[in-house]
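Could you put the whole structure together from the sequences, leaning on the hints where they help?
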Amino acid sequence: MAKFELVNNIAHKNIKVNTKASAQFGDNVWFALTFPDEFRAIQNQYPIFFQKNSETGQFMPVALMGVKQNENLFLTDDGWDGYIPATIKRHPFAIGHQQQNQGGQTELTRVLTIDMESPRVNETQGEALFLEYGGNSDYLDQMADLMEAIHHGVEKSAHFIETLLGYELIEQFTLDVTLNDGSQNQMLGFYTINEDKLAALSDEQTLNLVKLGYLQAIYFIIASHGNIAELVKRKNKLLGL
Amino acid sequence: MTNAVKQVVIVGGGSAGWLTASILAAEHSVSSLQNPIRITLIESSDIPTIGVGEGTWPSMRDTLQQIGISETTFLNECDASFKQGSKFINWRSSTGDSYFHPFSLPESFNQLNLAEHWLPYKNEVPFDQAVCFQDALCNAQLAPKQISTPEYNFIANYGYHLDAGKFAPLLKSHCTEKLGVMHIDDNVQDVRLTSNGDVASVFTEKHGEITGDLFIDCSGLHSLLIDKALKVPFVSCKEVLFNDRALAVQVPYQHPDDNINSATHSTAVDNGWIWDIGLQSRRGIGHVYSSDFCTKEQAFDALSRYVSDTSNCDINKLTVRELQINPGYREKFWHKNVVAIGMSAGFIEPLEASAIALIELSAKFIRDQFPQNRAVMDVIAKRFNKKFHQRWQQIIDFLKLHYVLSERDDSKYWRAATSTETLSQTLRDKLLLWQYQTPYLYDSFETEELFPAASYQYIYYGLKGKTAFNPSQKWHAEHAKAKALFQQNQQKRNQLQQQLEPNRVLLNKIKQYGLTTI
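Sequence lines, in order, name chains A and B.
Residue 26 is where the first sequence starts when you use the working numbering, and the numbers rise one by one after that.
Residue 13 is where the second sequence starts when you use the working numbering, and the numbers rise one by one after that.
No lab work stands behind these hints: they were computed from the structure.
Quantities reported herein were computed from a predicted structural model and do not represent experimental measurements.
Glycine included, every Cβ here is placed at the ideal spot set by N, Cα and C.
Any given hint could be a false lead.
Under the rule of at most 20 Å between Cα atoms (straight-line distance), these lysine to any residue pairs were calculated in the SDA-like manner [to be verified]:
(1) A/K77 with B/S160
(2) A/K77 with B/Q402
(3) B/K521 with A/S79
(4) A/K45 with A/Q150
(5) A/K77 with B/N165
(6) A/K77 with B/N520
(7) B/K178 with B/R333
(8) A/K77 with B/Q19
(9) A/K77 with B/K376
(10) B/K376 with B/Q19
(11) B/K523 with A/A183
(12) A/K181 with B/Y525
(13) B/K521 with A/M85
(14) A/K77 with B/R333
(15) B/K523 with A/T81
Cβ pair distances, simulated, as ranges [what the hints assert, rightly or not]:
(16) B/T84 with A/R115: 27 to 35 Å
(17) A/A224 with B/L45: 26 to 34 Å
(18) A/T131 with B/D326: 40 to 48 Å
Right, here's the structure in full:
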């Protein structure tokens, strides 16, 4: 079970985070949550699709890194081969909420928390959270910035998806992967951009997408599908095909 | 006589009026049509709607989707919940036995008749459990879908339980705001007929005379047009189904987070039966009985016992309403230029929630067979009447089946209810046939059945109706496959119980996140 604590320089004075990418740290995931602000970096390497969150039923964009559960084709013995998605890189940190009293008013503020039960957390190996006299390490500052970026990115992502659904631009999609031995894998539960609907948008709707920066995000998604070939290549190699 | 039909006037609101208006308007009033039909609904806010009929069939999912209401909106605004079928308790004997009539068909129903293959195991496993998984979901109060399942799609087939008092207002705002239906709040005081006996217009208190080409009578028990104006006789079926009263009460949950039943519970008691329908915020409970066999006080006592056995409520602090049921239907539903839909057309005890389903079917018939002019109307009316007479007879037979196979003889009421004296010839034929062969697709083909043959199987075998086991060559050839299907059903039972969440949990999530449309 995860156990989150508010990051602070007294309790966590000696805490280090092992940042090595490895299955033992839970990096053997076949997809990662992403958000439009990150699409530019993601689309270089991974296909982007939408999936439904099983708890809320809401659509979320994901970067695909494998073709079955617990399979990350970019995870090698030497670490992660390429860009690590922000929502993976964030581990073992998370955003927590704390009530703070500001001038007599209670406000909910975001705070940085760390999962003390994560196997990454230790006192000997990896990046220290704090400097010798209690100041934040560069690593900790970077992670705090990353968490903020994820927070705002995911928040904006919700509006992005709402807009796409409003224009009926999301459609169901079955990902068929054929390997070199002829074996076929059908992956269900994916959604993507409906390109026919996209082409049929009115001028006004298209302009709206441009102004919101969403048209670019849409084309990043479409372009990212070229990376399916890379996934298949890696899968063939893994199986020696 | 070849006047074009351009104006439809619906007299009466409620579920019948607004549902009919929605179904017709969604097809015929859209502004993109060259000659849209004008639909006017006259409703008197002085007359309260009866507001029974809190259960629907799965057909309501299609209906709502076709008229363009989002399922999320419907569920949230109508206090609605999911109905996966009915659970009949104490119907066969008074000792606590029960069976389900689920909305899902038996496994692979259209390919293979599992009932035949279940016969040799009938003493080992009840029919509903052997061929279907839905009784398990209902007993665990689970939802028929997940939050990621799109609107109106399902994992297990379902209809709804709803608050009729909230359903009509939702349909009304949808009709007037989105579908271009004109709403007149007024009392109809008089009806003017033409020389050939058609209704030419109705006179209202404040809006004067309103003319129309086709009139739909949704005025409920008042039956302003079909009865008072056109004097179409009423055909009573009290001889066969003699329940003529109901006492209804709304019972709050003990805790707001109490789980919600996935099926209508129908419990047979000494002089009738008690319905129990779980909505999001309350339960609707009612005792249907026959005034020939018990007094209102006796019925109240039975209802009171049920309420105190199943909740912590004192019925004396709740409002109990009495309803009269005049079981039967019109000799003609469509006469001249008037169609009766809803309680003006007929009413029967709500044992299989047929009231709203019949409204949907009637309105869809008119939608699909809309008479272009007066000349063709009589042909369509003739077909409509034939079809709906058949349907009423099927409903009456099907409800009677619930009674006639019961082994109860613990009261005068049950001895009368199980008597075979008043059975129709059609039901007699079926009961004879089913002693030698299981109800199956031939039954449905034969009569264009309203209820699928599967429904007859669930009731017949739920009540332990007997069929001689006489395996044919085909039976032997198929039995291995049937056994695999029984296995498959058991796997589905286990799997779905893991996958699905309780009704309350899903309904709360829908409130928070909504269902997606794709």
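Checked hints:
1. A/K77 with B/S160: Distance ~6 Å between A/K77 and B/S160 Cα, so the pair holds.
2. A/K77 with B/Q402: At roughly 46 Å apart (the allowed maximum being 20 Å), B/Q402 and A/K77 break the hint.
3. B/K521 with A/S79: holds, 11 Å
4. A/K45 with A/Q150: holds, 10 Å
5. A/K77 with B/N165: Holds - the C-alpha atoms of B/N165 and A/K77 are around 15 Å apart, at most 20 Å.
6. A/K77 with B/N520: Given that 20 Å is the threshold and the Cα spacing comes to 18 Å, the pair holds.
7. B/K178 with B/R333: Holds. B/K178 to B/R333 sits at ~18 Å (cutoff 20 Å).
8. A/K77 with B/Q19: violated, 46 Å
9. A/K77 with B/K376: violated, 35 Å
10. B/K376 with B/Q19: holds, 17 Å
11. B/K523 with A/A183: Satisfied, since the Cα-Cα distance of roughly 17 Å is no more than 20 Å.
12. A/K181 with B/Y525: Given pair A/K181, B/Y525 holds - Cα atoms ~17 Å apart, limit 20 Å.
13. B/K521 with A/M85: holds, 17 Å
14. A/K77 with B/R333: violated, 45 Å
15. B/K523 with A/T81: holds, 11 Å
16. B/T84 with A/R115: 27 to 35 Å: Holds, since B/T84 and A/R115 (Cβ atoms, about 32 Å apart) stay within the stated range.
17. A/A224 with B/L45: 26 to 34 Å: holds, 28 Å
18. A/T131 with B/D326: 40 to 48 Å: holds, 42 Å
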